[in-house]
Structures are given as C-alpha cells and as structure tokens.
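Given only the sequences and the hints, what does the whole structure look like? Please build it.
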Amino acid sequence: MAPPKAQNIDEYISNAPEALRERLFQLHDCIAAVAPAAEQGIKWRMPAYTTKRILVTWAAFKKHIGFYPTPSVVAAFANELKPYKTAEGSVQFPHGQELPLHLISKMTRLRVKECEEEDAKWKV
Numbered sequence: 308m309a310p311p312k313a314q315n316i317d318e319y320i321s322n323a324p325e326a327l328r329e330r331l332f333q334l335h336d337c338i339a340a341v342a343p344a345a346e347q348g349i350k351w352r353m354p355a356y357t358t359k360r361i362l363v364t365w366a367a368f369k370k371h372i373g374f375y376p377t378p379s380v381v382a383a384f385a386n387e388l389k390p391y392k393t394a395e396g397s398v399q400f401p402h403g404q405e406l407p408l409h410l411i412s413k414m415t416r417l418r419v420k421e422c423e424e425e426d427a428k429w430k431v
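Residue numbers (the working numbering): 308 to 431.
Because the hints were derived from the structure by calculation, they are not lab data.
Just to be clear, a hint being listed does not mean it is correct.
Below 25 angstroms or equal to it, Euclidean Cα-Cα: the simulated SDA-like pairs (lysine to any residue) are [as the list claims (entries may be wrong)]:
1) 413 / 371
2) 312 / 384
3) 420 / 340
4) 350 / 386
5) 369 / 417
6) 359 / 392
7) 420 / 407
8) 359 / 371
9) 392 / 413
10) 350 / 373
11) 392 / 333
12) 370 / 352
13) 312 / 391
14) 389 / 372
15) 392 / 408
16) 350 / 410
17) 359 / 410
18) 413 / 384
19) 392 / 314
20) 350 / 420
21) 389 / 404
22) 392 / 324
23) 350 / 372
24) 369 / 343
25) 413 / 347
26) 420 / 387
27) 420 / 343
28) 389 / 403
29) 350 / 395
30) 312 / 330
31) 420 / 370
32) 392 / 406
33) 389 / 327
Here are the simulated distance ranges between beta carbons [stated by the list, open to error]:
34) 314 / 386: 32 to 40 angstroms
35) 423 / 396: 14 to 22 angstroms
36) 326 / 352: 30 to 38 angstroms
Cβ atoms here follow ideal geometry from the backbone N, Cα and C, with glycine treated the same way.
Structure, rendered in structure tokens:
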C-alpha cells in the first residue's frame with residue numbers, strides 16, 4: 308500500500324519508513340540552509356524547493372534517494388558525481404552510504420545561482 312499523499316515536506320518525511328527519516332531530514336535541512344528563501348512544498352508527490360522557478364526536488368525510494376536538480380547542474384558536477392548513478396537531471400544516493408551533504412549543498416547553490424542570474428528552467 309502506498310503511503311498517503313503528503314501535503315508538506317515534514318509530512319512526506321513522517322510518512323517515510325522510520326529507518327530513512329533522519330537521512331531525509333538531513334537532506335531537507337541541507338537544501339533549506341543553502342536556499343533559505345525558497346518556498347517548500349510538494350510537487351509531483353515529491354518535496355520541492357522553489358523561488359520563481361523550481362530549484363530542486365527529491366524523493367525517497369526503497370534503495371536510494373533520488374535528487375533532481377537540472378541537467379545543467381548534474382553536468383557541472385559530473386566528476387564529483389562519478390560514484391553515483393546519474394541520468395539527465397537526476398542523481399541516486401544509495402541508502403547505506405553517507406549522504407554527500409557538501410556536494411548536495413554545492414549543487415543546490417548552483418541551482419539558486421542559475422535561477423537568480425539566468426532565470427533557468429522549470430517554471431513553478
């Protein structure tokens with residue numbers, strides 16, 4: 308049975324398996340610290356952080372956390388992301404490994420910069 312649809316990020320994390328919650332709060336706190344002015348909500352049933360554009364989203368899965376900045380951000384950090392499974396605009400952070408919070412901060416910071424300077428991608 309799928310968890311109930313969350314109305315906000317705290318509810319999303321509370322609905323996640325207990326073993327993942329601390330990890331999800333770490334990710335949430337990391338993103339919120341880099342983008343304190345971002346609105347926080349749920350889009351496409353995933354936690355999302357927005358300004359005039361969507362900055363990043365993420366979702367918890369059975370074996371990993373999917374982190375979704377944009378293709379340009381994933382490309383900019385291609386070397387640092389080599390240990391992780393990536394696709395255009397997404398990164399998988401496996402459970403059982405420490406979250407690379409410093410790298411997530413840098414990716415989120417670049418996404419904020421893209422939105423401020425270039426009005427880049429993903430309309431809200």
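In rising order, the numbers of the hints this structure does not comply with: 2, 4, 5, 6, 8, 13, 19, 24, 31 and 36
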